[in-house]
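Asker: With these hints in hand, go ahead and build the complete structure from the sequences.
Per the working numbering, numbering through the sequence shown is continuous, rising by one, with the last residue being 1073.
Just so you know, these hints were derived from the structure itself, not from any lab. As the structure is a prediction and not an experimental result, all values here were calculated from the model. Warning: the hint list may mix true and false statements.
Stated by the list, open to error - What follows is a list of derived Cβ distance ranges for each label pair:
id : residue 1 : residue 2 : range
1  : Gln1064   : Gln950    : 29 to 35 Å
2  : Ile965    : Gln1064   : 20 to 26 Å
3  : Glu1044   : Tyr997    : 17 to 23 Å
4  : Gln1026   : Asn996    : 17 to 23 Å
5  : Lys958    : Thr1039   : 19 to 25 Å
6  : Asn1066   : Arg963    : 18 to 24 Å
7  : Lys1060   : Leu993    : 40 to 46 Å
8  : Tyr962    : Cys982    : 24 to 30 Å
9  : Ser985    : Arg963    : 32 to 38 Å
10 : Lys1060   : Ile947    : 32 to 38 Å
11 : Arg1040   : Gln1064   : 17 to 23 Å
12 : Thr984    : His1009   : 34 to 40 Å
Stated by the list, open to error - No farther apart than 20 Å at their CA atoms in a straight line, the calculated lysine to any residue pairs in the SDA-like style are these:
id : residue 1 : residue 2
13 : Lys966    : Leu1000
14 : Lys980    : Thr1030
15 : Lys1014   : Tyr962
16 : Lys977    : Pro943
17 : Lys977    : Glu949
18 : Lys966    : Lys1008
19 : Lys1021   : Glu975
20 : Lys976    : Arg1045
21 : Lys979    : Gln1026
22 : Lys1037   : Tyr997
23 : Lys960    : Lys976
24 : Lys976    : Thr1039
Ideal Cβ placement from N, Cα and C applies to all residues, glycine included.
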Amino acid sequence: MASFPQLNIFEQIIDLPEFKVKNYRFIKGFGLVLIVEKKEKKACCTSCGKKSDKLHQNYRYLVRDLPIMKHDVYLKVNRRQFKCSHCQKPFTEHFDSIKKTRTYTERLAEKIIAEVVESDVKNVAQRNGEPMIEN
939 MASFPQLNIF EQIIDLPEFK VKNYRFIKGF GLVLIVEKKE KKACCTSCGK
989 KSDKLHQNYR YLVRDLPIMK HDVYLKVNRR QFKCSHCQKP FTEHFDSIKK
1039 TRTYTERLAE KIIAEVVESD VKNVAQRNGE PMIEN
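Answerer: The structure is reproduced here in structure tokens:
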């Protein structure tokens, strides 16, 4: 298990205030994987707007983020599903930095869009490790 100072440093480096880093792993040939969870223990119901902490289920998945010192960075995110204490409907928590069903952060998308404006899609894809589809 990582020490608190190490996790605190990673939180400062990635600078995503809604998340806390729970652990990390460096996988050779893949990159740095930071296990993160939302700091807020409750979430707002999308149906009635009331806050709930009644956990229904967990869904963990990898999200690509900005690289750190030429190493790919992935966030292993736990997107929790709650059951509303008020209206009894299930709902999934919202992240400011990751849109629903996306496998990349908003800031990574913005970085790639800015690169495409300055360059071309093929070169940006090669620089960011995306395979190119040949015509």
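Asker: Are the hints correct? Go through all of them and say.
Answerer: The hints, checked one at a time:
1. Gln1064 / Gln950: 29 to 35 Å: 31 Å, holds
2. Ile965 / Gln1064: 20 to 26 Å: At roughly 22 Å between Cβ atoms, glutamine 1064 and isoleucine 965 fall inside 20 to 26 Å, so the hint holds.
3. Glu1044 / Tyr997: 17 to 23 Å: Given range 17 to 23 Å: holds, Cβ gap about 19 Å.
4. Gln1026 / Asn996: 17 to 23 Å: With a Cβ separation near 19 Å, glutamine 1026 and asparagine 996 satisfy 17 to 23 Å, so the hint holds.
5. Lys958 / Thr1039: 19 to 25 Å: Between lysine 958 and threonine 1039, where Cβ atoms are some 23 Å apart, the hint holds.
6. Asn1066 / Arg963: 18 to 24 Å: 22 Å, holds
7. Lys1060 / Leu993: 40 to 46 Å: 44 Å, holds
8. Tyr962 / Cys982: 24 to 30 Å: 29 Å, holds
9. Ser985 / Arg963: 32 to 38 Å: 37 Å, holds
10. Lys1060 / Ile947: 32 to 38 Å: 36 Å, holds
11. Arg1040 / Gln1064: 17 to 23 Å: 22 Å, holds
12. Thr984 / His1009: 34 to 40 Å: Taking Cβ atoms as reference, threonine 984 and histidine 1009 lie about 36 Å apart, which means the hint holds.
13. Lys966 / Leu1000: Holds - the C-alpha atoms of leucine 1000 and lysine 966 are around 16 Å apart, at most 20 Å.
14. Lys980 / Thr1030: Given pair lysine 980, threonine 1030 holds - Cα atoms ~11 Å apart, limit 20 Å.
15. Lys1014 / Tyr962: 9 Å, holds
16. Lys977 / Pro943: 17 Å, holds
17. Lys977 / Glu949: Judged against 20 Å, a Cα distance of about 11 Å means the pair holds.
18. Lys966 / Lys1008: 13 Å, holds
19. Lys1021 / Glu975: Distance ~18 Å between lysine 1021 and glutamate 975 Cα, so the pair holds.
20. Lys976 / Arg1045: This hinted pair holds, its Cα atoms lying about 17 Å apart.
21. Lys979 / Gln1026: Between lysine 979 and glutamine 1026 the Cα gap is close to 18 Å, so the pair holds against 20 Å.
22. Lys1037 / Tyr997: 15 Å, holds
23. Lys960 / Lys976: The given pair, whose Cα atoms are some 10 Å apart, holds under the 20 Å limit.
24. Lys976 / Thr1039: Roughly 16 Å separates the two Cα atoms, so the pair holds.
Figure legend: structure checked against the earlier numbered hints; every hint is met.
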